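Student: Residue numbers (this note's numbering), protein chains in the order written: chain A, 1 to 175; chain B, 1 to 208.
Keep in mind the hints are simulated off the structure, nothing from the lab.
It is possible that part of the hints are untrue.
DSSO-like, lysine-lysine: derived pairs with alpha carbons at most 27 angstroms apart [unchecked claim]:
(1) A:47 / A:11
(2) B:71 / B:60
(3) A:48 / B:71
(4) B:79 / A:150
(5) B:60 / A:135
(6) A:91 / B:104
Quick caveat, the model's predicted, so the values are computed rather than measured.
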Amino acid sequence: MVNEYYIAVEKEVSNAFHKEKTLELKQFLTQGELVDIIRVVNAAKPKKDVSVLTHSFSRCKIRMPPQINGFIKKVLGKAPTDWEVWSFGHKDYTVVNDQALDKPGTDIIIDLTSTWNTEWGGSVVYVDGSGDFTKIVPEDNKLVLIMRDKKRHRFVQYVNHKAEKNKRVFLIARV
Amino acid sequence: MSDLTQWINTEYLAKDKKAELKKSFAKAKPYSFLQLKDFLHTEKAVLLLKCLSEEQFEEKESDLFKLKQTKDFKSSKNKDLKRFREFLASSNFIAFMEEITGSKLKSGVVDCGSSLYESTDFLLPHDDQLEGRSIAYMLYFSDISKKEGGALELYGSKRGVPSKVEKSFQPAFNTFAFFKVSPVSFHQVAEVTEEVQRISINGWFHGK
Numbered sequence: 001m002v003n004e005y006y007i008a009v010e011k012e013v014s015n016a017f018h019k020e021k022t023l024e025l026k027q028f029l030t031q032g033e034l035v036d037i038i039r040v041v042n043a044a045k046p047k048k049d050v051s052v053l054t055h056s057f058s059r060c061k062i063r064m065p066p067q068i069n070g071f072i073k074k075v076l077g078k079a080p081t082d083w084e085v086w087s088f089g090h091k092d093y094t095v096v097n098d099q100a101l102d103k104p105g106t107d108i109i110i111d112l113t114s115t116w117n118t119e120w121g122g123s124v125v126y127v128d129g130s131g132d133f134t135k136i137v138p139e140d141n142k143l144v145l146i147m148r149d150k151k152r153h154r155f156v157q158y159v160n161h162k163a164e165k166n167k168r169v170f171l172i173a174r175v
Numbered sequence: 001m002s003d004l005t006q007w008i009n010t011e012y013l014a015k016d017k018k019a020e021l022k023k024s025f026a027k028a029k030p031y032s033f034l035q036l037k038d039f040l041h042t043e044k045a046v047l048l049l050k051c052l053s054e055e056q057f058e059e060k061e062s063d064l065f066k067l068k069q070t071k072d073f074k075s076s077k078n079k080d081l082k083r084f085r086e087f088l089a090s091s092n093f094i095a096f097m098e099e100i101t102g103s104k105l106k107s108g109v110v111d112c113g114s115s116l117y118e119s120t121d122f123l124l125p126h127d128d129q130l131e132g133r134s135i136a137y138m139l140y141f142s143d144i145s146k147k148e149g150g151a152l153e154l155y156g157s158k159r160g161v162p163s164k165v166e167k168s169f170q171p172a173f174n175t176f177a178f179f180k181v182s183p184v185s186f187h188q189v190a191e192v193t194e195e196v197q198r199i200s201i202n203g204w205f206h207g208k
């Protein structure tokens with residue numbers, strides 16, 4: 001279940017997103033729902049996907065409970081159809097690459113990373129080519145909505161050896 | 001005009017040696033690459049290292065890298081670093097590089113600065129291609145063991161796409177390494193994983 005507080009103020013949430021183009025909702029899911037999703041993610045076993053010039057991480061598709069998609073539809077006006085688990089360990093990364101850019105749209109990220117230090121890398125960073133950037137630092141049970149226009153591109157920072165065996169895991173969908 | 005013998009280990013200036021280096025460079029896999037150990041006279045290498053220790057390094061971070069760099073030495077206040085840069089760009093040294101690489105290079109033109117990698121710093125795979133760049137070079141001032149990371153890793157490629165690391169070189173003090181920049185010169189600097197400093201002077205020679 002989505003945190004009841006956010007359901008009660010979903011219109012305000014929608015207005016805030018459309019005004020700011022970026023939104024973070026902490027404690028997004030109830031503890032029960034979070035535990036269920038983590039169980040599903042752990043069972044999903046993401047597979048390594050490497051294309052040296054653009055990315056290295058593990059990923060797999062995942063089904064999302066209708067209530068979560070319903071909440072997002074009310075906020076964005078459109079529900080995501082395809083969700084993926086993205087998992088980053090030591091030496092994983094994505095880069096901004098002209099040959100592998102997502103179409104403009106909105107990224108929807110549900111962060112599931114419980115133990116993380118930003119010094120290990122792994123933050124999701126949005127750059128617009130002007131030197132400005134938006135950094136999404138790992139934090140479990142956080143929903144992030146972020147609009148990407150033609151100039152705004154995403155990368156996930158290289159995860160360094162200090163992460164040891166820890167994994168930086170989030171769910172991502174795009175509309 | 002710069003005298004090569006003032007800077008370079010004279011072993012590398014013999015005619016036969018240069019012919020041997022030319023062959024090695026051309027034959028190297030996965031692409032034309034060479035490293036020359038004990039390249040400068042030791043006192044020159046030590047002098048340059050001392051100069052570098054007094055230079056200002058700026059932190060640089062993007063999706064592709066995290067490291068520290070100086071500005072190009074052409075704007076350095078250090079006379080010895082400027083002198084070394086002038087030496088690299090001199091017609092004599094350019095002729096030496098042309099002889100070994102078989103590339104036509106522009107005399108008087110060189111990009112030349114210093115890079116410093118410390119724990120967690122890295123440079124992800126890329127090809128170095130940018131207008132004018134013909135030969136990429138690095139002169140190392142650190143001895144870095146495998147355990148400490150920081151290797152220069154060269155990728156093999158299939159149909160123009162990098163596949164896997166085929167050669168890996170650990171930096172060693174006073175080793176001069178260079179490779180031909182091309183659409184398949186994919187390489188990376190592996191993350192430094194210990195509390196060490198990986199220091200180099202590096203840049204590019206430009207093609208005619």
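Student: Now tell me, hint by hint, if it's right for this structure.
Tutor: For each hint, the structure was consulted:
1. A:47 / A:11: 37 angstroms, violated
2. B:71 / B:60: Holds, at roughly 12 angstroms.
3. A:48 / B:71: 38 angstroms, violated
4. B:79 / A:150: Violated, because 46 angstroms separates the two Cα atoms, which is more than 27 angstroms.
5. B:60 / A:135: With a Cα-Cα distance of about 16 angstroms, the restraint between residue 60 of chain B and residue 135 of chain A holds, given a limit of 27 angstroms.
6. A:91 / B:104: 38 angstroms, violated
Hints 1, 3, 4 and 6, counting from the list given before, are not met by this structure.
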